[in-house]
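Enquirer: Residue strings, one per chain:
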Amino acid sequence: MTDQLFPESGMNMIRVLERIGVEVQYDPRQTCCGQPAFNTGYHEESLVLAERFLDIFDGDGSDRIVAPSGSCTTMVKVFYGDLLTLSPPYREKAERVRARIHEFTSFLVDVLEHEDVGAAFEGRVTLHDSCHALRELHIKEQPRRLLRHVRGLELVEMQAAEVCCGFGGTFAVKYADVSASMAEEKIESIEETGADFVTGVDSSCLMQIDGMLRRRGSAARCVHIADILGGSAA
Amino acid sequence: MTRKTPIQPEFLDALLRERIHDESLRGNIRRATQTSLNKRRAVVSDYEDWETLRQLAHDVKSHVMDHLPVYMARFAQRAREAGAVVHYASTAEEASRIVCDLAEETGEPLVVKSKSMTTEEIELTPALERRGLRTVETDLGEYIVQLAKEPPSHITAPALHKSRGEIGALFAEKLGIPYTDDPQELTDIARKILREDFLEAGVGISGVNFAVAETGTICVVENEGNARLSMSLPKRHIAVMGMEKLLPDYSSLALFLNLLGRSATGQRLTCYTSLITGPRRGKECDGPDDLHIVILDNGRSRMLQDDRLREALYCIRCGACMNVCPVYQKVGGHGYGSVYSGPIGSVITPVFRGEERSKKLPYASSLCGACAEICPVKIDIHHHLLDWRRRIVSHGHVPLRERIAMRLFLLLARHTTLFDFAGRLGRVFSPLLRGKDGGLQVPVWSRTRRFPALPQQSFKQMWREKNGRS
Chain A
25 MTDQLFPESG MNMIRVLERI GVEVQYDPRQ TCCGQPAFNT GYHEESLVLA
75 ERFLDIFDGD GSDRIVAPSG SCTTMVKVFY GDLLTLSPPY REKAERVRAR
125 IHEFTSFLVD VLEHEDVGAA FEGRVTLHDS CHALRELHIK EQPRRLLRHV
175 RGLELVEMQA AEVCCGFGGT FAVKYADVSA SMAEEKIESI EETGADFVTG
225 VDSSCLMQID GMLRRRGSAA RCVHIADILG GSAA
Chain B
3 MTRKTPIQPE FLDALLRERI HDESLRGNIR RATQTSLNKR RAVVSDYEDW
53 ETLRQLAHDV KSHVMDHLPV YMARFAQRAR EAGAVVHYAS TAEEASRIVC
103 DLAEETGEPL VVKSKSMTTE EIELTPALER RGLRTVETDL GEYIVQLAKE
153 PPSHITAPAL HKSRGEIGAL FAEKLGIPYT DDPQELTDIA RKILREDFLE
203 AGVGISGVNF AVAETGTICV VENEGNARLS MSLPKRHIAV MGMEKLLPDY
253 SSLALFLNLL GRSATGQRLT CYTSLITGPR RGKECDGPDD LHIVILDNGR
303 SRMLQDDRLR EALYCIRCGA CMNVCPVYQK VGGHGYGSVY SGPIGSVITP
353 VFRGEERSKK LPYASSLCGA CAEICPVKID IHHHLLDWRR RIVSHGHVPL
403 RERIAMRLFL LLARHTTLFD FAGRLGRVFS PLLRGKDGGL QVPVWSRTRR
453 FPALPQQSFK QMWREKNGRS
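Listed in order, the protein sequences are those of chains A and B. Taking our numbering, the leading residue of the first sequence gets 25, the next gets one more, and so forth. Taking our numbering, the leading residue of the second sequence gets 3, the next gets one more, and so forth.
These are computed hints drawn from the structure, not numbers from a lab. What you are looking at is a predicted structure, and each value in this text was computed from that prediction instead of being measured. You may find that some hints are simply not true.
[To be verified] Chain B is nowhere near these chain A residues, computed Cβ spacing over 10 Å in every case:
1) ILE44
2) ARG53
3) PRO60
4) ARG88
5) ILE89
6) ARG120
7) VAL135
8) GLY142
9) ARG172
10) HIS173
11) GLY176
12) LEU179
13) GLU186
14) PHE221
[What the hints assert, rightly or not] Listed below are the simulated SDA-like cross-link pairs for lysine to any residue, each with C-alpha atoms no more than 25 Å apart in a straight line:
15) LYS164/A - GLU53/B
16) LYS176/B - LEU201/B
17) LYS164/A - LYS380/B
18) LYS285/B - LEU201/B
19) LYS468/B - GLU42/A
20) LYS468/B - ILE89/A
21) LYS164/A - THR54/B
22) LYS468/B - GLY428/B
23) LYS462/B - ARG88/A
24) LYS380/B - ASP68/B
25) LYS462/B - ILE89/A
26) LYS198/A - GLY437/B
27) LYS41/B - GLU212/A
28) LYS468/B - GLU47/A
29) LYS237/B - GLU131/B
30) LYS151/B - LEU306/B
31) LYS198/A - ILE406/B
32) LYS194/B - GLY227/B
33) LYS117/A - HIS417/B
34) LYS164/A - LEU136/A
35) LYS438/B - VAL197/A
36) LYS462/B - THR26/A
Backbone N, C-alpha and C fix where the C-beta goes; we use that ideal spot for every residue, glycine too.
Could you build the full structure based on these sequences and the hints that come with them?
Expert: Written out as structure tokens, the structure is:
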């Protein structure tokens, strides 16, 4: 997702991390954690990708793994547990990796206890709670705390912040009409706030919401939280 | 009054598209579900330790399922001691046959029914009518959908999809009365008609919300008094219950009554809570001459044997997962084409109706998890949907093109060079596939939403540039 569709968000995440003194490394062998296959029921396929992921990240010399996505983090932290019951030799690797992997905002707030990353961003911003981040990883306050420290940014809450945007992986195409209809309801809630921007911790939800905002001719735009935090105040 | 509208075989795309654009239907569903959710929120806050209660209820159910044969035997024994006749049915057909036989042998032509999803599950009403027994639904919502010849669209609010205007028009058409959309007037009309039926009926059929093993008692909750009348006026009362309804004792019943009313309709307690132990005794002035309890398996034993799926047996049929589900809110209960709709319906229907015939249901969810979050007995509903998807794929109940697409995705994702190459190809050719909105034209997706245009470079390329490598 980040590699092929939203590379700028990945770069901004790195910008933020380096700004606060984190040394970042990136293994170019990585591709996908396997979630699209897992969520659609293809365990065999996702198992191959999970093992590949673990081979790359286990013992790669880094202290922590950071992902600009609550969804990919959930796959590794939560669902690899389900998946790897199929493959005993990888169980230990999975245990080690899941303890080291963090969603970006949770890494900043929970691990580094860093809420002011020296960012500036002009505009009224509302936050969408991504389902995986919210309900599987219990990430709710972390992105808000970070946003409250951004210069020039006004955070406004929408009514239905916790309601699903309708993306849901392959659901978005299997039941495209239902999915789109859910996105419509989401943007109604967004428009009520008068926000200029919608942010969140997952590019996939934001792609869904932004796609509907543009199709409906709404003025609001989606930006990944890394893109907001990446804007330097200096 | 047989329901003629055929129940759709599965989550149908065409039907759905129609429903999705039915603004009035969506409005009705949205209003009704939001009202329930708001009321629920208000009464759940009675308890600071609501989460503890949920966990406790989960643990009680888990305990019951671990010892189900014991509790079942105890319940049956105590119920018999109280004078009830207990029957076991291993399939829906068997249960339906038992109930029909029991109703028929009274020689009475009229049956009154109170709301029961289990009787929907065994398709009881059409079966009774095939035997020539007139069968009347006495719950107002059920009465409405029976008049409309539709199945219920929600487990606790069967006519939730209808506005009062639609109900007024239906009453005018079917009952030949002047049109009114005043809820009180409509209720009064139904009540007047139903009173006659209650007095005349020889058989009353109910479901069971909870069955208390220690006393052989069945518990039925409702708001209209129609269930109590159905169970006490006719000379024979037949109660149909799924075997998962068992609770050990009265103290666990108290816990579950607290959870059920609040979760279902936002009530601290429903208006009527009937506890029935055996039929009328000796000099008692009301109650049926005999009470028959039909305990239904219909796949539940199989669920019990599955370490993960058994959790779905904890369900107390409150319908909160439907109210909160954004997919249910869009399509309504009929969109699922199964007796039990919504998130939990998609978990249990494959058991009751077979996996092949239910293969689309587990996919009818964005897996947002709002269902599991609200479930009063903490069933991990959306993870069960994931489990079903795995079973469906491993049993080959998926289209070939999807299999091929997944294989292709795997091929790319497991080889970095192929993955990067495919990305490059995409970036080179994507300008040719650009739509009027400037985004990439993606089949299906782009019909309703813009898809972003592909960036000039991948993250990997940017990273390499930044770090001075090619």
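Enquirer: Each hint needs a verdict: does it hold in this structure or not?
Expert: These are the hints, each one checked on the structure:
1. ILE44: 18 Å, holds
2. ARG53: Non-interface label on ARG53/A violated, nearest chain B Cβ at 5 Å vs cutoff 10 Å.
3. PRO60: 7 Å, violated
4. ARG88: The assertion about ARG88/A holds, with a minimum of 18 Å to chain B.
5. ILE89: Its Cβ never comes within 10 Å of chain B, the nearest being 15 Å, so this holds.
6. ARG120: With a cut-off of 10 Å, ARG120/A remains clear of chain B, as the shortest Cβ separation is near 22 Å.
7. VAL135: VAL135/A clear of chain B: closest Cβ-Cβ about 22 Å, beyond 10 Å.
8. GLY142: 20 Å, holds
9. ARG172: 25 Å, holds
10. HIS173: 26 Å, holds
11. GLY176: GLY176/A clear of chain B: closest Cβ-Cβ about 26 Å, beyond 10 Å.
12. LEU179: 23 Å, holds
13. GLU186: Non-interface label on GLU186/A violated, nearest chain B Cβ at 8 Å vs cutoff 10 Å.
14. PHE221: 16 Å, holds
15. LYS164/A - GLU53/B: 18 Å, holds
16. LYS176/B - LEU201/B: Roughly 22 Å separates the two Cα atoms, so the pair holds.
17. LYS164/A - LYS380/B: Roughly 21 Å separates the two Cα atoms, so the pair holds.
18. LYS285/B - LEU201/B: Since the Cα atoms of LYS285/B and LEU201/B sit roughly 21 Å apart, the hinted pair holds (cutoff 25 Å).
19. LYS468/B - GLU42/A: 13 Å, holds
20. LYS468/B - ILE89/A: 20 Å, holds
21. LYS164/A - THR54/B: Judged against 25 Å, a Cα distance of about 21 Å means the pair holds.
22. LYS468/B - GLY428/B: 22 Å, holds
23. LYS462/B - ARG88/A: Answer holds: LYS462/B to ARG88/A is near 20 Å, not above 25 Å.
24. LYS380/B - ASP68/B: 17 Å, holds
25. LYS462/B - ILE89/A: This hinted pair holds, its Cα atoms lying about 17 Å apart.
26. LYS198/A - GLY437/B: Measuring from Cα to Cα gives roughly 22 Å; hence the hint holds.
27. LYS41/B - GLU212/A: Distance of about 23 Å is within 25 Å: holds.
28. LYS468/B - GLU47/A: Distance of about 14 Å is within 25 Å: holds.
29. LYS237/B - GLU131/B: 19 Å, holds
30. LYS151/B - LEU306/B: The hint is violated at about 34 Å.
31. LYS198/A - ILE406/B: Measuring from Cα to Cα gives roughly 16 Å; hence the hint holds.
32. LYS194/B - GLY227/B: 14 Å, holds
33. LYS117/A - HIS417/B: 21 Å, holds
34. LYS164/A - LEU136/A: This hinted pair holds, its Cα atoms lying about 17 Å apart.
35. LYS438/B - VAL197/A: At roughly 21 Å apart (the allowed maximum being 25 Å), VAL197/A and LYS438/B satisfy the hint.
36. LYS462/B - THR26/A: OK: LYS462/B and THR26/A at ~10 Å, within 25 Å.
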